[in-house]
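2 protein chains.
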Amino acid sequence: MQSPRRTFPEPPYYAVVFTSRLTDDTYDYGETARRMVELASRQPGFLGVDSVRDGVGITVSYWRDEASIAAWRQDAEHTLARETGRKRWYEEFEVHVAEVKRHYGFRRTSSDEATDEARG
Amino acid sequence: MQSPRRTFPEPPYYAVVFTSRLTDDTYDYGETARRMVELASRQPGFLGVDSVRDGVGITVSYWRDEASIAAWRQDAEHTLARETGRKRWYEEFEVHVAEVKRHYGFRRTSSDEATDEARG
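The listed protein sequences derive, respectively, from chains A and B. Just so we're aligned, residue 741 is where the first sequence starts under my numbering, counting upward by one. Just so we're aligned, residue 741 is where the second sequence starts under my numbering, counting upward by one.
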């Protein structure tokens, strides 16, 4: 949903849903979060990410396969960020790793006519 | 992540990730969105929902199985809301339907000690 809009491959691929609430100790959190998106985007198998926070934060990243998720978990800077998150930033988080079965979307056209897009 | 925190069953179960951007025509959108969460929560097979919007909106709902997702899609009020969404509210949306393979979480304890929780 970040522009420009991503093109996803045919399913199956993977989604990692990360839902969190922060503590009051958010020093360096924003900068690190941005850096993690930048680093993740360069990983092999990365397909896209959406992230929104308004109290609760939801970040959904999309990956080609389980191997690319595992490789990203092993990245040294990502590992350090996760450790700092547990020590300081996160009051609570949940992670769901899920295999995408289908994907579809909608985009309003310039004539404001609704159009369906291909369903995966 | 809404409080009180949900208890998820052992995987597999399902996640529906709905990512969207709104048009300027948001009359009745907020009320309808709240109503849909309320209605969905009463459906058989509903496990939980998280929803955040800040420009982009991400709503992730969790379901026991594909049958419960299909039944919710057929709810008359939900169907009408989706139609209005395409006509008026959504500039763009994406839906990913995914099978949750594993789930884990973290919650800071009252002593501020980090603890892992069972991994699904």
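Among the clues, some could well be false.
Each pair may be met inside one copy or between any two copies, as identical chains are not told apart.
[To be verified] As a list, the in silico SDA-like pairs of lysine to any residue whose alpha-carbon atoms are at most 25 Å apart:
| # | residue 1 | residue 2 |
| --- | --- | --- |
| 1 | K827 | G770 |
| 2 | K827 | R746 |
| 3 | K827 | G785 |
| 4 | K827 | E778 |
| 5 | K841 | G785 |
| 6 | K827 | D768 |
| 7 | K827 | T747 |
| 8 | K841 | T819 |
Since the hints were made in silico from the structure, they are not lab data.
Can you name, in rising order, the numbers of the hints this structure does not satisfy? Hint 3 is the one this structure does not satisfy, whereas the remaining hints hold.
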